[in-house]
Amino acid sequence: MFYSRLLIIIVPMKSFRLWVTIAVSLLISAAAFGRDDTFIERQYFKYSAPTMQFINTIDSAVTFARSRLYVILNDTLDYKPKIYIRDNLADFKALIGTAFPDWGAAAALPYREMIALKSPAHFRLGKSLKELIKHEYAHLVLQDRLYHTRPPRWLDEGVAMYTAAEWGWGNNLAMSRAVVFNGLISLSEIENMNRFSEGKAQIAYAESYLAVKYLLDEYGVETLNILLDNLRDRKSIDDALSLSIGGTLEDFEDEFFAVVKERYNIMSLFGDLYFIWIFLALVIVIGFILKMRKKKRMYKKWEDDEAYHSTDFDYGDPDNPEEYDDEDKPWA
Numbered sequence: 009m010f011y012s013r014l015l016i017i018i019v020p021m022k023s024f025r026l027w028v029t030i031a032v033s034l035l036i037s038a039a040a041f042g043r044d045d046t047f048i049e050r051q052y053f054k055y056s057a058p059t060m061q062f063i064n065t066i067d068s069a070v071t072f073a074r075s076r077l078y079v080i081l082n083d084t085l086d087y088k089p090k091i092y093i094r095d096n097l098a099d100f101k102a103l104i105g106t107a108f109p110d111w112g113a114a115a116a117l118p119y120r121e122m123i124a125l126k127s128p129a130h131f132r133l134g135k136s137l138k139e140l141i142k143h144e145y146a147h148l149v150l151q152d153r154l155y156h157t158r159p160p161r162w163l164d165e166g167v168a169m170y171t172a173a174e175w176g177w178g179n180n181l182a183m184s185r186a187v188v189f190n191g192l193i194s195l196s197e198i199e200n201m202n203r204f205s206e207g208k209a210q211i212a213y214a215e216s217y218l219a220v221k222y223l224l225d226e227y228g229v230e231t232l233n234i235l236l237d238n239l240r241d242r243k244s245i246d247d248a249l250s251l252s253i254g255g256t257l258e259d260f261e262d263e264f265f266a267v268v269k270e271r272y273n274i275m276s277l278f279g280d281l282y283f284i285w286i287f288l289a290l291v292i293v294i295g296f297i298l299k300m301r302k303k304k305r306m307y308k309k310w311e312d313d314e315a316y317h318s319t320d321f322d323y324g325d326p327d328n329p330e331e332y333d334d335e336d337k338p339w340a
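Numbering (this note's numbering), first residue to last: 9 to 340.
Treat the hints with care, since some could be wrong.
DMTMM-like, lysine to aspartate or glutamate: derived pairs with alpha carbons at most 20 Å apart [to be verified]:
1. K243 <-> E199
2. K101 <-> E206
3. K269 <-> E258
4. K88 <-> D152
5. K221 <-> E199
6. K135 <-> D67
Derived by calculation from the structure, the hints in this document are not laboratory data.
The whole structure should be built from the sequences, with the hints applied where relevant.
Listed below in structure tokens is the structure:
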């Protein structure tokens, strides 16, 4: 022990500063990960969180995602990521960095083989934990399939949404609005999604899902995997698409947007809004019924109060107030 301390004392000042820097970095890392960096081993992932309450949900989500990915990726899915859930924003950002958009609820970091999520117990996530896990797990598996070659963002997000089966009425409405109000986003622009507003990001996610679904429906799983194989071999997206579907990204986008504009238009927008009006009408009707019931209960209460506290009194003969009216008395 003494010898070790002596060595530290006689280290040159430059080296001493280096060791101090390393020590400070280790302390910062320890503060970021803290007590939660102990992992629970599961069959398909490692889990780190302050509580075990979400582990069964994650098990179910990962199993579902694997079943979907196995079909479309032609891959053995020999992959076991780390999954972190954090209770506060500081710990969450310590894991993923500060460039993450505020509206984001979860992030996948393929180079670290990890998923980080805000805790559903402490944040409003906008989506279920299951949906988020399936989505982020798909990001990791796709990049593993590509040997950590980064895919185009629209393809990455589209595969993740397709895996998580993320499509609902809100996505329909977003696409209808985008088509009607000329708000479609080029697939290449989706690379900048982290700088989008929440509304624009919703359109970008919806487009990505539809692009991948169109690719699978129109060209099939084998064509998708030819595309992925070429991306894995470091070919550009234009070359990879040319070798798989026979056209460039611009060709695919023109083809895809034509289908989107045929499906989503002013009529589909009114159709989606029609359901909104129905919902609002139901809310108004239910509110009116509840209000009438409340009034009825109030009137009934007033009637009961009047029955118990009657004001129908006999004040006698007003012309002779000193005389009593004994007409109804039994001795009269």
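Here's how the hints hold up against the structure:
no.: 1; hint: K243 <-> E199; verdict: 17 Å, holds
no.: 2; hint: K101 <-> E206; verdict: 19 Å, holds
no.: 3; hint: K269 <-> E258; verdict: 16 Å, holds
no.: 4; hint: K88 <-> D152; verdict: 11 Å, holds
no.: 5; hint: K221 <-> E199; verdict: 19 Å, holds
no.: 6; hint: K135 <-> D67; verdict: 17 Å, holds
When each numbered hint is compared with the structure, no violation occurs for any of them.
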